[in-house]
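J.: Can you build the whole structure from these sequences, using the hints too?
Protein chains in written order, with the numbering used here: chain A, 42 to 189; chain B, 42 to 189; chain C, 42 to 189; chain D, 42 to 189.
In case anyone wonders, no lab produced these hints; they're calculated from the structure.
Remember, identical chains collapse to one label, so a pair may be satisfied in a single copy or spanning two.
With a straight-line Cα cutoff of 30 Å, these simulated DSSO-like cross-link-like pairs (lysine-lysine) come out:
| # | residue 1 | residue 2 |
| --- | --- | --- |
| 1 | K144 | K123 |
| 2 | K86 | K123 |
| 3 | K123 | K159 |
| 4 | K128 | K159 |
Predicted model only: the values in this text are computed from it and were never measured.
4 protein chains.
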Amino acid sequence: MPFTYNRTIRFHDTDAAGVVYFANVLSICHEAYEESLAASGINLKGFFTNASVGFPIVHANADFLRPMYCGENLTISLIPQKLSVDKFEINYEVTNTDVLVAKAITRHVCIDVSSRSKQELPDEMIEWLELNRRDAEGAERRKSREVM
Amino acid sequence: MPFTYNRTIRFHDTDAAGVVYFANVLSICHEAYEESLAASGINLKGFFTNASVGFPIVHANADFLRPMYCGENLTISLIPQKLSVDKFEINYEVTNTDVLVAKAITRHVCIDVSSRSKQELPDEMIEWLELNRRDAEGAERRKSREVM
Amino acid sequence: MPFTYNRTIRFHDTDAAGVVYFANVLSICHEAYEESLAASGINLKGFFTNASVGFPIVHANADFLRPMYCGENLTISLIPQKLSVDKFEINYEVTNTDVLVAKAITRHVCIDVSSRSKQELPDEMIEWLELNRRDAEGAERRKSREVM
Amino acid sequence: MPFTYNRTIRFHDTDAAGVVYFANVLSICHEAYEESLAASGINLKGFFTNASVGFPIVHANADFLRPMYCGENLTISLIPQKLSVDKFEINYEVTNTDVLVAKAITRHVCIDVSSRSKQELPDEMIEWLELNRRDAEGAERRKSREVM
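T.: Below, the structure is given as structure tokens:
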């Protein structure tokens, strides 16, 4: 099963059109990434604050399929994938009671924070990638078996 | 017991000083208010979107006692109080593993949304106020009994 | 010349990594869109609040090329393009003293807000699209002439 | 004259009630503070990112007098005041075409960032405080003379 994160839409997520402001959907997806890191034992404070290694996002994209309203309960599922020795991407699916409302991707590179030069992914990230990838593959295998 | 809301600090809550951006503490308190409304059976989408009655904040204040870092798990407890027929305020206490890190107040007036004129609090809000006030008083009574 | 919008990076745009939080780059691009609408005479309050016609974003993507720091002065240039009778997209280039630091695209559909069904772009948006497209083409023609 | 900062309300400042989300008013006030620091020659990147001395907000309050809508042009005027050797506060008035729409205060302490212990305000901040205080006093003196 891919990692999933539940998130209620908050008033500050919305805009004057009455629905979630588009860029906030990406922030909500990033929260799912943070939660999955924490779930694999990574200390978020150390990871995101004053760390020597960072994973800045170099690309992001999102498709917004349906409007999202304050108070709705979203489920964000997340599948990361290693792209190279210093790069990975994460696919997110945002659903509201099983209806897909948005999809997104974030692509990250691993850098040395002080020089901002690329460096190889550290062990804890490779473990996180493998753990979540395997989990997701298991779910896909089960799904195809059910279809057969 | 006052209503409590648990909230992990997210990366987007923080700023370049490495801690939660001050105004975001008020947003997190507002989330607790939303969660307590939902807990008392109020539909948040109807409450915050296209409603005929609104409860805009006319005053807010906050004391920031300690820095808050990404990944920390906060508990926000909330005690509302009716101030008059058309006004209430909410007291929030934000704690991190039992240490008080921030306190805040929001004061709300009840208005007719189309005319923006003041109007009496509707029944569902009076019930919410009484429910949460009573809960909080119960906790305080228990606390003083323990002290005696 | 494409429409340009100048924007100083604010403390609340940044995160604990010390640079602009990725999703906020899209918000800054959206500000440029708002400013270009206002520049063509569109009333933003009527456009974004309680309007009968809306232009929700159905797709967005961004490439983040360099970190952006608090206090830096960005220039966002914007070129919109009509895609069909009910759809347009906007290309944004974000530069910091002539260095490209990010690129983004937002794709919008025109809807009737109450039914949320697609409808043809209204005249004021077609004018805005033509005005900004022509401006941008003029700049490109001038640029190719300079190259020759 | 007190320092003033002009700011158009952006779509992302608003919420599903159609007006500026309350906590964002404080963020807009903080932008005015940032702009006044820059105007007195302080480098914002150095000031807010990786600095050894910081000025965290320990208290904030705001009164929200009128709703603010997307596209409106606000003027924020700012008067700082030194409270003690390690503390100052800033008073903000937010107006929309000369009508007061909000007032706010932020109170700051000066700390050594690594130890988070209080320390005396550095010279550049004392200069900024004196410059903006004097400017504001001048305006008040002129105003009382006009009244006489």
